[in-house]
Amino acid sequence: MNRLIYLDNNATTQVHPEVVEIMDYCLTECFGNPSTVYSFGRKAKRLMDESREKIAKMIDASKDEIVFTSGGTEADNLAIFGIAKANKDKGKHIITSKIEHHAVINSCKALEKDGFEVTYLDVDKYGIVNLEQLERSIKKETILISIMHANNEIGTIEPIAEIGKIAKEHKIYFHSDTVQSIGKIRVDVKEMNLDMISISSHKLYGPKGVGCLYVKKGTRLKPILYGGEQEHRLRAGTENVPGIAGFGRAMELAITDTDKENERLTRLRDRLQEGLAKRVKHIIFNGHLTERLPNTLNCAIQFIEGESLILKLDDLGICASTGSACTSASLEPSHVLLAIGLPHEIAHGSLRLSLGRDTTDEDIDYVLDVLPKAVDELRAFSPLYKEFLKKGK
Amino acid sequence: MYSEKVMEHFRHPRNVGEMENPDGTGRVGNPVCGDIMELYIKVQDGVIVDAKFQTFGCGAAIATSSMVTELVKGKTLDEALKISNKTVAEALDGLPANKLHCSVLAEEALQAAIEDYRKKEGANK
Chain A
1 MNRLIYLDNN
11 ATTQVHPEVV
21 EIMDYCLTEC
31 FGNPSTVYSF
41 GRKAKRLMDE
51 SREKIAKMID
61 ASKDEIVFTS
71 GGTEADNLAI
81 FGIAKANKDK
91 GKHIITSKIE
101 HHAVINSCKA
111 LEKDGFEVTY
121 LDVDKYGIVN
131 LEQLERSIKK
141 ETILISIMHA
151 NNEIGTIEPI
161 AEIGKIAKEH
171 KIYFHSDTVQ
181 SIGKIRVDVK
191 EMNLDMISIS
201 SHKLYGPKGV
211 GCLYVKKGTR
221 LKPILYGGEQ
231 EHRLRAGTEN
241 VPGIAGFGRA
251 MELAITDTDK
261 ENERLTRLRD
271 RLQEGLAKRV
281 KHIIFNGHLT
291 ERLPNTLNCA
301 IQFIEGESLI
311 LKLDDLGICA
321 STGSACTSAS
331 LEPSHVLLAI
341 GLPHEIAHGS
351 LRLSLGRDTT
361 DEDIDYVLDV
371 LPKAVDELRA
381 FSPLYKEFLK
391 KGK
Chain B
1 MYSEKVMEHF
11 RHPRNVGEME
21 NPDGTGRVGN
31 PVCGDIMELY
41 IKVQDGVIVD
51 AKFQTFGCGA
61 AIATSSMVTE
71 LVKGKTLDEA
81 LKISNKTVAE
91 ALDGLPANKL
101 HCSVLAEEAL
111 QAAIEDYRKK
121 EGANK
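The listed protein sequences correspond, in order, to chains A and B.
Under our numbering, residues 1 to 393 are what the first sequence spells out, in order.
Under our numbering, residues 1 to 125 are what the second sequence spells out, in order.
These are computed hints drawn from the structure, not numbers from a lab.
C-beta atoms are modelled at their ideal positions from N, C-alpha and C, and glycine is treated no differently.
Hints may contain errors.
Chain B regions said to be covered by chain A (calculated; three or more residues, Cβ under 8 Å) [what the hints assert, rightly or not]:
no.	segment
1	14 to 20
2	40 to 51
3	59 to 72
Looking from chain A toward chain B, a few residues come up when the C-beta cut is under 10 Å (computed) [to be verified]:
no.	residue
4	V280
5	E307
6	E345
7	D376
8	A380
Bound conformation, chain A alone (with noise of 0.2 Å):
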């Protein structure tokens, strides 16, 4: 089997040759340190700047409001520590949502065992947050409203600039995880009123190893790793020049075509939706209808397991992923797909396809003619199916 359809690309992406190409450079010619003052660092230093400048300006940011980081999952935990040890002596409260990462769940729970406390917001089937209870939720102790912009696995976008004007109101920074928006649809700091952000480079077609953090000017932040002065003081370490490199010209070549791809991979998923409604039986699509990334087709199939799926689409020479327990070393389905209430026997017959740059209206023909015979198949000894059957009759 030598065709390979990606159709995971909410878990990473494959890196453009553009961005091959400055990185390449970069780690040939520019090998300086950027912190050091003659001219061979100095070079490093250039493109690093220009980096940071054209993702700032992708953002309506300002350059020294871009903290690079080693990607999504540290930018997201410095914004959380962050904002705990720098606040902590105005407010212990952090609200959050069900469905966020985890690497800002699991940010929240250790803050909780440090003494802070926090509300994971509900969300509704779609997995839309409840913005009554978020205006509820807050008090004069809270400090922080973390809430992702859109959801990796179901894609659902949050209502980021109404829950931007709640904070702005209340005076409560504002974080939001990003890393499935940036590229996929726009987003504009100061529009939706936002004192930071996280962003992955290898989530649009860039290096791993490599995001960052907007922190609006004047945002009351601590460093969680201690060492040099780099990135205005918030993040020690030598920077990571060619994959920040990287990061700038991916950031710049995704953000360029938005609109125009958005279009073409709604047209894609849509398809791909649709065919599947048609000819795949007792299959619930998850996520919000209109409020979801252009890319992201979660649905569950029923009376079968989604990893034995993922395994035979394996075979067929499809990447695609499952939010069900039997991928995760917990045994717990995903957090998300309870979160929108779904019961634990469909969140584990679960599929996520995230269509990219690379897919083709001839993937989705073959999706369409491969994937409905592996359901079938797995359907044919599943005993659930067959009393379903049984008691259909």
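Fit chain B to the known structure of chain A by using the hints.
Here is chain B on its own, set in the frame of chain A:
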């Protein structure tokens, strides 16, 4: 993460399907946990002459079901009862740590099927 043997049994499960008039049936697991295994046996003169299964579950659950049905065929009931989760896992060249419970499920399904057979036998006597 899976051994070639696990993948081979997952791709080509042996003895799959429902058995007509089985002498013993064992059903273990539940949909909430994401695994259900149903094992059927046919017994003649104290020997398991045929075994089949139906499973809802992950790759490892399907492979362990397939392997346990292979292992029991031709065994006396007492011999079959000695097949443990470890026997099943080893026959598959090992399982990842978080999948060992699948081999436990296979052992339990087999024991349940034998118990079911013995109960029916007892009732017929």
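The hints, checked one at a time:
{"no.": "1", "hint": "14 to 20", "result": "holds (count 3)"}
{"no.": "2", "hint": "40 to 51", "result": "violated (count 0)"}
{"no.": "3", "hint": "59 to 72", "result": "holds (count 4)"}
{"no.": "4", "hint": "V280", "result": "violated, 16 Å"}
{"no.": "5", "hint": "E307", "result": "holds, 4 Å"}
{"no.": "6", "hint": "E345", "result": "holds, 4 Å"}
{"no.": "7", "hint": "D376", "result": "violated, 14 Å"}
{"no.": "8", "hint": "A380", "result": "holds, 8 Å"}
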